[in-house]
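Keeping the supplied structure of chain R fixed, place chain F upon it in accordance with the hints.
Below, each chain spelled out in residue letters.
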Amino acid sequence: MLHLKLSGSAGECVDDGASQLKKFQKELSAGTVSLVLLAVLGQSRQPLYGYQIAKRLEEAGEGVLAGKQSALYPVLRNLEGAGLLASEVEPSVSGPPRRYYRITKFGREVLREWTAAWNASRDSVDKVLQGEL
Amino acid sequence: MNASSHPPRTIAEYLEQLRAALRAADPALIQDALYDAEEHLRAELYERPGRDEAAMLEHVVESYGAPDEVAEIYRDQEIKIQRAIRPPPAPKRRSAAGRFFGVIADPRAWGALFYLLFGLVTGIAYFTWVVAGLSMSAGFSVLIIGLPFIVLFFGSVRGLALLEGRLVETMLGVRMPRRPPYPQRHMSLFQRIGAMFTDPRSWSSMLYGLLQLPLGIFYFTLIVTWLAVSLSFIAAPIVKLVAMYEPVVGIRCDSGPDWLCDVLNWMGGWGGAAVLCVLGLLLFFTLLHVARGLGHLHGQLAKHLLVRRA
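Chains R and F supply the protein sequences, listed in that same order.
Using the numbering used here, read the first sequence as starting at 1 and increasing by one per residue.
Using the numbering used here, read the second sequence as starting at 1 and increasing by one per residue.
Treat the hints loosely; a few may be bogus.
Once the Cα atoms are required to be at most 30 Å apart in a straight line, the calculated DSSO-like pairs of lysine-lysine come out as [said to hold, decoys possible]:
hint	chain 1	residue 1	chain 2	residue 2
1	R	Lys-22	R	Lys-55
2	F	Lys-80	R	Lys-68
3	R	Lys-105	R	Lys-23
4	R	Lys-26	R	Lys-68
5	F	Lys-80	R	Lys-22
6	R	Lys-23	F	Lys-80
7	R	Lys-68	R	Lys-55
8	R	Lys-55	F	Lys-240
9	F	Lys-80	R	Lys-26
10	F	Lys-80	R	Lys-105
11	R	Lys-105	R	Lys-55
Just the calculated beta-carbon pair ranges, DEER-fashion [stated by the list, open to error]:
hint	chain 1	residue 1	chain 2	residue 2	range
12	F	Glu-13	R	Leu-35	31 to 39 Å
13	F	Ala-228	R	Gly-83	47 to 55 Å
14	R	Gly-83	F	Val-239	43 to 51 Å
15	R	Thr-115	F	Thr-170	24 to 32 Å
16	R	Thr-115	F	Lys-80	19 to 27 Å
17	F	Ala-96	R	Asp-16	46 to 54 Å
18	R	Gly-83	F	Phe-118	18 to 26 Å
19	R	Gln-46	F	Ala-20	44 to 52 Å
20	F	Leu-227	R	Pro-97	41 to 49 Å
21	R	Leu-21	F	Ala-20	50 to 58 Å
Keep in mind the hints are simulated off the structure, nothing from the lab.
By construction, the Cβ of each residue, glycine as well, lies at the ideal position given by its N, Cα and C atoms.
If we strip away everything but chain R, and leave its shape as in the complex, we get (with noise of 0.2 Å):
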């Protein structure tokens, strides 16, 4: 083991590091991009279709959605089929048509409960970090 890694060029160790966080950034969104969505959805007046959700969390940075937006879609059609989102397609006169998505009353409902919990696991995870325990 400790010969491998010797022999092992440091160019490697950091891919491997970097691929390390990659997959943890890959878990950490899987966990939240539920969430994410639900409360975007939560917050906007309007209803709002998919590339606009896209760009908004684009803006919110790297840190929300590690990985490709083409991850969104199949998220939002889960929560829809969870109940949690309503959608309908408007067709518009110049541009595609789209879809649009917004929360229903039982969404809203998950989401209190939702920012709830994870307030509680990052403020636990918080502590552990800090090493308050």
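Relative to the frame of chain R, chain F by itself:
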């Protein structure tokens, strides 16, 4: 991997590469993924009118993902969704009896049973719609309203195909598209009408609508008969209990062999009632198996006729 040998320069090229990257996946998943991608790409193109398609796609590969990456994301997601949304598969039972009777706990068997019963209603509706639509299209085609009518009718068939797909997925557990095929916007009106006629899916969806009626009649007859027979057999002891109060008149043997009378007389007794009840239960469980099997076959038929093959 080979799909991304050169970066896509047009939306059509991007979608073709995505389709190629998803080749081995379920056709219903492909339809959903293509719809999402096309919606995103067209929105991107529309929001930034200044840029040309190739430059936009270069940017999109960074943000939305290259076709290979998108395919990977959708395949991953699909596995997760299957786990989360679908009813868990019934626990595998080892013994033959467990396998036979375990079907009663399988939501898919019950879903299929109701779908097949309901198939007569949807069958009548689809059949009427397709036959009326086709004949009215033919009749109107000599008039000025002919073309708009045909376009509307073909559009309605697409909508019905999506709706039926949702029904099939919920009740039969066969993966069907959650999004329609993306409407062809970039073509001229006449090209779009031409595409509608040459799209084999339009015709196969109509064929499905027509087939649904004879199949619905078959399913309905089969299941109602089977249910009636098995439930009345199961109810034999109850009938016997009620009939106890009446003077039991044995069957008189006017003609025919004696053993037949004996059997019939015995069937009228408690022993006969118990045997009938067990037989009815066995028949009922067999019906659940048959419904699940027929439901699976019907789901495959729906997938072949309503979803475009990759």
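Hint check results:
no. : hint                                 : verdict
1   : Lys-22/R with Lys-55/R               : holds, 22 Å
2   : Lys-80/F with Lys-68/R               : holds, 17 Å
3   : Lys-105/R with Lys-23/R              : violated, 34 Å
4   : Lys-26/R with Lys-68/R               : holds, 10 Å
5   : Lys-80/F with Lys-22/R               : holds, 20 Å
6   : Lys-23/R with Lys-80/F               : holds, 17 Å
7   : Lys-68/R with Lys-55/R               : holds, 12 Å
8   : Lys-55/R with Lys-240/F              : violated, 72 Å
9   : Lys-80/F with Lys-26/R               : holds, 14 Å
10  : Lys-80/F with Lys-105/R              : holds, 25 Å
11  : Lys-105/R with Lys-55/R              : holds, 25 Å
12  : Glu-13/F with Leu-35/R: 31 to 39 Å   : holds, 35 Å
13  : Ala-228/F with Gly-83/R: 47 to 55 Å  : violated, 37 Å
14  : Gly-83/R with Val-239/F: 43 to 51 Å  : holds, 45 Å
15  : Thr-115/R with Thr-170/F: 24 to 32 Å : holds, 31 Å
16  : Thr-115/R with Lys-80/F: 19 to 27 Å  : holds, 22 Å
17  : Ala-96/F with Asp-16/R: 46 to 54 Å   : holds, 52 Å
18  : Gly-83/R with Phe-118/F: 18 to 26 Å  : holds, 23 Å
19  : Gln-46/R with Ala-20/F: 44 to 52 Å   : violated, 37 Å
20  : Leu-227/F with Pro-97/R: 41 to 49 Å  : holds, 45 Å
21  : Leu-21/R with Ala-20/F: 50 to 58 Å   : violated, 31 Å
Checked against the numbered hints above, the structure violates hints 3, 8, 13, 19 and 21; every other hint is satisfied.
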